[in-house]
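As they're listed, the protein sequences go chains A and B.
Heads up: the first sequence is residues 151 to 387, going by the numbering used here.
Heads up: the second sequence is residues 4 to 238, going by the numbering used here.
I should point out that these hints are in silico values taken from the structure, not numbers from a laboratory.
Where a beta carbon is used, it is the ideal one built from N, C-alpha and C, also for glycine.
One or more hints might be untrue.
[As the list claims (entries may be wrong)] If you want the ones that stay clear, here's a sample from chain A, every Cβ over 10 angstroms from chain B, calculated:
| id | residue |
| --- | --- |
| 1 | Asp256 |
| 2 | Thr259 |
| 3 | Phe280 |
[As the list claims (entries may be wrong)] Within a straight-line C-alpha distance of at most 30 angstroms, the following computed DSBU-like cross-link-like pairs (lysine-lysine) qualify:
| id | chain 1 | residue 1 | chain 2 | residue 2 |
| --- | --- | --- | --- | --- |
| 4 | A | Lys279 | B | Lys6 |
| 5 | A | Lys270 | B | Lys6 |
| 6 | B | Lys14 | A | Lys270 |
| 7 | A | Lys154 | A | Lys368 |
| 8 | B | Lys14 | A | Lys279 |
[To be verified] Computed from the model, here is a short list of chain B residues facing chain A with C-beta under 8 angstroms:
| id | residue |
| --- | --- |
| 9 | Asn16 |
| 10 | Tyr98 |
| 11 | Arg101 |
| 12 | Arg102 |
As a plain string of letters, each chain reads:
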Amino acid sequence: MKVKTADVSKLYDSYEVLKRINMNVDDGNIYGLLGPNGAGKSTLLKMLSGLNAPSLGEVYFNGNALHIDDGHVKPLIGSVIETPVFYNHLSAYENLSIHLEYMNTDHLTIEEALTIVGLKTAGDLPVAKFSLGMRQRLAVARAFIHLPELLVLDEPLNGLDPKGVKEMRALFKKLRGQFDMTLIISSHILNEIEHVADEIGILHKGELLTEVSMQTLKINYPDGIETFFFNMTEGDG
Amino acid sequence: MLKLIRLEYRKTNLRPYTLSVIIATILFIGFIYLFAYIPRIDEDPELLMFAEYSTVSGLLILVSLTTYSVLASAMFAKMVIDTFDANSLTLIYSYPVRRSAILLSKIIAVLLFTAAAMMISNTVVFTLFFLTESISPLVNDTFVSSVVLDALSLTLLSMAAMSAISVTAMTIGLYRQSVPLTIISTVVILASTNNVFMEVLSNPVILLVTLVLCIVVLSVSTLLAAKHVRDLEVA
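Please put together the full structure from these sequences, using the hints given.
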């Protein structure tokens, strides 16, 4: 098991955003996290990335409890959470270079990473001049360039055109196949998750309603993921 | 830590700050000659205090302290307050570096830059002024080596004061996550301490006590800021 959560809850003041989440992500899988807006997806992903600590419960990574200031685990995780932040006056190349200096681990070359996400020719441009889609591609490059074991991607297809979405889908499969990464991807675009995920979890009003493999889901819901999703969330989403 | 500080400089566009230092130094040169020339403009006996090197040096040090405290606060606003806002936290907290170490590297990077700028700037201004004074004096006072030593010790003290003032203001701004509050805090602290600083200039014992006080304030402010960033949540 790559990632496991044990009764994880998150409270902001007295409001319980996540309620006793027990999530299991197998090694080498692509896990799709689905849920309507406000379900708590980003909150959960921040804890799985080691950015925030749970209020209650534990997150386990490779069988060990994950702590927010654990310097040994952070290079093993790559993440794109919500709107990516960059050093805008610096080029894409310099942004990745600084990231690698912090991570201080084996990595792809910057040229390789930029080529993989289709930004090879834009490497020297300041990020301030990037479009939303280019920023999203660069964020994904930054998340995998240090070859993490776990990639946590929160709405990674935001801002991408249909061609970009298709390319990114192929990239996720490549990262899993070629680099043995485990991916957790959240999205509100149900069809996109359906195309890439091995397993999906549905989060609704702070609760993880179910975890099911795509194989099982396709047998039980031949119509597709939408019917399943709306059945589970009683039409919300 | 050295690597973290170097990375802070790589991430920051230092050009506007360097330009500010150059402009400030040019203005300081103008100020020091203006202070020295004031008694010649007007024969008012109250202005005779300007006819002493200690007053001229002290005034220049006050102007320099004010300028570099505001500059340090502006840098803290950009490099610390903006970085530790809810959105940017996702980036810096993904690095395998302790949160307090990130903050400390930023504080040291800002203080190294501003302290070095202050030292270079004051050295340029005082060297030029004392050089011209040794040839053709404007100030009606005896120019002896202690004048130069006093200017040097005041510069060192003002570097400590600038560090304490700007880090305290940064900590206040950090707790409220507010850039304006950081700058306003700097101005308020400067306004309330400038009179004390003028007294310090004439008394070596108070000077030493002030120096120790600056170091204590700097340490406490840094610890409070470190505690705050350890507890910060990515929103």
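We went through each hint and held it up to the structure:
1. Asp256: 14 angstroms, holds
2. Thr259: The claim holds: Thr259/A sits with its nearest Cβ about 19 angstroms from chain B, beyond 10 angstroms.
3. Phe280: 16 angstroms, holds
4. Lys279/A - Lys6/B: Holds. Lys279/A to Lys6/B sits at ~28 angstroms (cutoff 30 angstroms).
5. Lys270/A - Lys6/B: Distance of about 28 angstroms is within 30 angstroms: holds.
6. Lys14/B - Lys270/A: Answer holds: Lys14/B to Lys270/A is near 22 angstroms, not above 30 angstroms.
7. Lys154/A - Lys368/A: 24 angstroms, holds
8. Lys14/B - Lys279/A: Distance of about 17 angstroms is within 30 angstroms: holds.
9. Asn16: Holds, about 5 angstroms.
10. Tyr98: Tyr98/B check passes; min Cβ-Cβ to chain A is 4 angstroms, inside 8 angstroms.
11. Arg101: Hint holds; Arg101/B Cβ to chain A Cβ min 5 angstroms, cut 8 angstroms.
12. Arg102: Arg102/B check passes; min Cβ-Cβ to chain A is 6 angstroms, inside 8 angstroms.
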